[in-house]
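Chain A is fixed; fit chain B onto it per the hints.
Each chain, written out:
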Amino acid sequence: KAGVTQTPRYLIKTRGQQVTLSCSPISGHRSVSWYQQTPGQGLQFLFEYFSETQRNKGNFPGRFSGRQFSNSRSEMNVSTLELGDSALYLCASSLSQGGVNTEAFFGQGTRLTVV
Amino acid sequence: LAKTTQPISMDSYEGQEVNITCSHNNIATNDYITWYQQFPSQGPRFIIQGYKTKVTNEVASLFIPADRKSSTLSLPRVSLSDTAVYYCLVGSGGGADGLTFGKGTHLIIQP
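As they're listed, the protein sequences go chains A and B.
Position one of the first sequence corresponds to residue 1 (my numbering), numbered consecutively onward.
Position one of the second sequence corresponds to residue 1 (my numbering), numbered consecutively onward.
One chain only, chain A, in its complex shape (with noise of 0.2 Å):
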């Protein structure tokens, strides 16, 4: 079956734009979770949707959003990007809403640069 699938890929803004971006999660999987990775902060949680309801959240700005359709396709957006922003941003599917007891399935990721 086909894995979780991330767009675009790569992603170069400028300061002070808005990105969007997209998470279609694996078929019958109801939770999709964000996570952005740097080299100095490693991974780190952003937010997690199961059912179209946001169920929990990182600590991140308001600036970080998302949202998440009734098919479970996911977007996250930033707004008035920051040079700190540069980032691979990753989304996870689960069947269940995650934890450590529940497989997560990671798309590849979309790496966004922000100059």
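Rather than coming from a laboratory, the hints here were simulated on the basis of the structure.
A couple of the hints might just be wrong.
[What the hints assert, rightly or not] In silico SDA-like links for lysine to any residue, alpha-carbon gap of 20 Å or less:
id : chain 1 : residue 1 : chain 2 : residue 2
1  : B       : K3        : B       : T100
2  : B       : K3        : A       : N101
3  : B       : K103      : A       : L88
4  : A       : K57       : A       : R30
5  : B       : K52       : B       : N26
6  : A       : K13       : B       : S41
7  : B       : K3        : A       : Q44
8  : B       : K54       : A       : N101
9  : B       : K52       : A       : N101
10 : B       : K69       : B       : N25
11 : B       : K103      : A       : T38
[Said to hold, decoys possible] Simulated coverage check for chain A against chain B, where a stretch passes if three residues somewhere in it have a Cβ under 8 Å from a Cβ of chain B:
id : stretch
12 : 31 to 42
13 : 83 to 93
14 : 100 to 113
[What the hints assert, rightly or not] What follows is a list of derived Cβ distance ranges for each label pair:
id : chain 1 : residue 1 : chain 2 : residue 2 : range
15 : A       : G28       : B       : T29       : 27 to 35 Å
16 : B       : T21       : A       : T80       : 39 to 47 Å
17 : B       : P40       : A       : G84       : 19 to 27 Å
18 : A       : R67       : B       : S41       : 22 to 30 Å
19 : A       : T14       : B       : P40       : 20 to 28 Å
20 : B       : N25       : A       : R73       : 34 to 42 Å
21 : B       : K54       : A       : T53       : 32 to 40 Å
22 : B       : S81       : A       : E103      : 20 to 28 Å
All residues carry an ideal CB built from backbone N, CA and C; glycine is no exception.
Structure of chain B alone, referenced to chain A:
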């Protein structure tokens, strides 16, 4: 979430068995132990999960002693393609904080 400690890096050679140990002294009764593998510029990939004793699948084994304060990921007969970062995660369901990835262990396999 239980804090985990694992070596920052390890080296080995093709064909060897590699064991990566993770310490988690504060593991809770309902916590599971899960390992992920990550290659550069890719998302992490689930390797194995366990609660106690030993778990084995087609790619690895996970050994968990009776006190569950540590766990060891065993990779049999590694190859160059096993060079990656390996993360040990400890926790339970609910996902309140998402998956907490530490620094992981950077495993380098040499010919």
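Comparing the hints with the structure gives:
1. K3/B x T100/B: holds (9 Å)
2. K3/B x N101/A: Roughly 16 Å separates the two Cα atoms, so the pair holds.
3. K103/B x L88/A: holds (16 Å)
4. K57/A x R30/A: Status holds; Cα separation ~17 Å.
5. K52/B x N26/B: holds (15 Å)
6. K13/A x S41/B: holds (19 Å)
7. K3/B x Q44/A: holds (15 Å)
8. K54/B x N101/A: The given pair, whose Cα atoms are some 16 Å apart, holds under the 20 Å limit.
9. K52/B x N101/A: Roughly 13 Å separates the two Cα atoms, so the pair holds.
10. K69/B x N25/B: At roughly 5 Å apart (the allowed maximum being 20 Å), N25/B and K69/B satisfy the hint.
11. K103/B x T38/A: holds (11 Å)
12. 31 to 42: holds (count 4)
13. 83 to 93: holds (count 4)
14. 100 to 113: With 11 residues in contact (Cβ-Cβ under 8 Å with chain B), the coverage given for the stretch 100 to 113 of chain A holds.
15. G28/A x T29/B: 27 to 35 Å: Holds, at about 31 Å.
16. T21/B x T80/A: 39 to 47 Å: About 43 Å separates the Cβ atoms of T21/B and T80/A, which means 39 to 47 Å holds.
17. P40/B x G84/A: 19 to 27 Å: holds (21 Å)
18. R67/A x S41/B: 22 to 30 Å: Holds, since R67/A and S41/B (Cβ atoms, about 26 Å apart) stay within the stated range.
19. T14/A x P40/B: 20 to 28 Å: Between T14/A and P40/B, where Cβ atoms are some 26 Å apart, the hint holds.
20. N25/B x R73/A: 34 to 42 Å: Once the Cβ atoms are compared, 40 Å apart, the range 34 to 42 Å for R73/A and N25/B holds.
21. K54/B x T53/A: 32 to 40 Å: holds (38 Å)
22. S81/B x E103/A: 20 to 28 Å: holds (21 Å)
The structure meets every hint from the earlier list without exception.
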